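Student: Same order as they appear, the protein sequences are chains A and B.
For the first sequence, the positions run 1 to 422 when the numbering used here is used.
For the second sequence, the positions run 1001 to 1135 when the numbering used here is used.
Since the hints were made in silico from the structure, they are not lab data.
As the structure is a computational prediction, the values presented were derived from the model and not from experiment.
The reader is advised that the hints may include incorrect statements.
Straight-line Cα separation of at most 30 Å, DSBU-like style, residue types lysine-lysine; simulated pairs [claimed, not checked]:
#, chain 1, residue 1, chain 2, residue 2
1, A, Lys338, A, Lys385
2, A, Lys369, B, Lys1041
3, A, Lys338, A, Lys387
4, A, Lys385, B, Lys1041
5, B, Lys1026, A, Lys369
6, B, Lys1116, A, Lys387
7, B, Lys1026, A, Lys385
Cβ pair distances, simulated, as ranges [unchecked claim]:
#, chain 1, residue 1, chain 2, residue 2, range
8, A, Val59, B, Arg1033, 26 to 32 Å
9, A, Leu214, B, Ala1066, 41 to 47 Å
10, A, Val59, B, Asp1064, 29 to 35 Å
C-beta atoms are modelled at their ideal positions from N, C-alpha and C, and glycine is treated no differently.
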Amino acid sequence: MHERRYDAVVIGGGSAGLAAALALREAGRTAAIVEREPFLGGILMQCIHSGFGIHEFGVDLTGPEYAERFIGRVLAAGIDVFLDTTVMEIRPRGERRELTALSKRYGVVRLSAGAVVLAMGCRERNRGNVAIAGSRPAGVFTAGLAQRLVNIEGCIPGRRAVIVGSGDIGLIMARRLTLVGCRVLAVVEIQPYPSGSVRNIVQCLNDFSIPLHLGHVVTRIAGRERVESVDIAPLVDGRPDEARSFRLDCDTVLLSVGLVPENELSRAAGVPINGDTNGPYVDADLMTGAEGIFACGNVLHVHDLVDFATEEARRCGQRAAAYLGGGARAGASAAQSKVAPGANVRYVVPNAYVPGRENVLYLRPMIVKNDAVLEAAIDGAGIRKRKLAHVQPSEMIRLVLRADEIPAADPARPNLMEVSIR
Amino acid sequence: MSGSTGTPVALVCIACPLGCRLTVAKAEGGELRVSGNRCPKGEVYAGEEMLSPRRIVTAVVRTDSAAYPYAPVRTDTPLPRALAEGLLAALYSRTFSLPVSNGDVLVDDVEGTGVKVLFTRTLPPEEVPAVGEPG
């Protein structure tokens, strides 16, 4: 058996794992990345479109370009990388954590780590998750799988496609399929508003005159061997209006119906999961409810911009490094108070804050609204207000609270911070 | 997307993920008045979008490698939209030899626009043992 010992082990070599490992190494810790694919970069490698890196680098990069900026640094920094290696189990062992992994090259690998960073990302919801009636023919793909087929394998999944759900990956794939010669007949979205960014509606659908049916559902997928058609109906009072149903003849259906953080490994390790995000509860240092196990990126909550996943992961790596150093962390965690979502906010991450230092919060609105006001309050007393020109659930909000904006904790009160949108 | 004098046109800026909602009005002299943008890129975008829309074009091209049969490419700057189809047809008809490096130029100048096409991923000719694995 292959045994290794590190200050920290990062699970997942995508955007979050790369940034977390670099931050740990830059803080002087030894670190390893365990990646189940034969390459680093994660989902970025199949995202050949541009739009990445505006916040992080101030330039507009494609996915592979963004990833390679980190991969080069990770390899140069002396971080060990286990490719084709899947972590099967994490468990506490004395003051440390022990990971068991299966590697194509080494067989069973046992890694001992002072800290573990969860950076496994998320996966796509599929047909089973959204329960579309009809037969079970070939030709139904999740949008991300189709993206991998087209951009990495060079296979075109079909000729005439209908896209279910208006998530960003579905919108990007509507354009991508059109550019490789497929006809995209429609994008069908159950909500009355798009679930991807407005920018992608413009450049992926409007540019190619692809119809977007908001407030519509696919009521049936038909076909024997291969998809032959889908039935689409408008939603009235939460039910499909069959009288106004119409049929599109197609051979392919792509599903872009949401992403779920991939936390089977975390759950088995005893990490408590937040039902609002499907990711772990984390404190102000991004440590989960399990001692020494941290989380960042899409395994924590689904981000819409990789730049923010990177930023969060870098902070996670820094905090994990401080935890490994002892002292400072003990003081900080004692001073933590809770953060909770207030009116019209689905969730806030992290779930705690620390007075006396900068706190960066990520939150997702529940409503679509112009001229909204974002407010953070502690025990009902406002500490920050910000005007937002437009909010919608598909666009995450980042709120930076400066050290001087947050009053010292009052031992007689709960010091609960609530973030709301009105 | 053409606006006559006095009729403001609503656009969403796609220069970055902020997605600013722009209003573009044509003033008497014919110049465009852009509002709603949070940075100067919005004004440039609105002007181009009204007159000659441009987009970054990305694609994958065929390679001669069994390990990496396709390589991702991009235009270095936005290309006039009308030229995208012709460029893609030209790219799809060619096969490229690996290795390539991120940033290597495969088309010098798309139809006199000065726009280049670059590879966006470093690919060796065949799958190599990963660098960085412990010994």
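Student: All hints are to be evaluated individually against the structure, with a verdict given for each.
Tutor: Hints, one by one, checked against the model:
no.: 1; hint: A:Lys338 with A:Lys385; result: holds (19 Å)
no.: 2; hint: A:Lys369 with B:Lys1041; result: holds (25 Å)
no.: 3; hint: A:Lys338 with A:Lys387; result: holds (24 Å)
no.: 4; hint: A:Lys385 with B:Lys1041; result: holds (27 Å)
no.: 5; hint: B:Lys1026 with A:Lys369; result: holds (28 Å)
no.: 6; hint: B:Lys1116 with A:Lys387; result: violated (41 Å)
no.: 7; hint: B:Lys1026 with A:Lys385; result: violated (35 Å)
no.: 8; hint: A:Val59 with B:Arg1033: 26 to 32 Å; result: holds (28 Å)
no.: 9; hint: A:Leu214 with B:Ala1066: 41 to 47 Å; result: holds (44 Å)
no.: 10; hint: A:Val59 with B:Asp1064: 29 to 35 Å; result: holds (31 Å)
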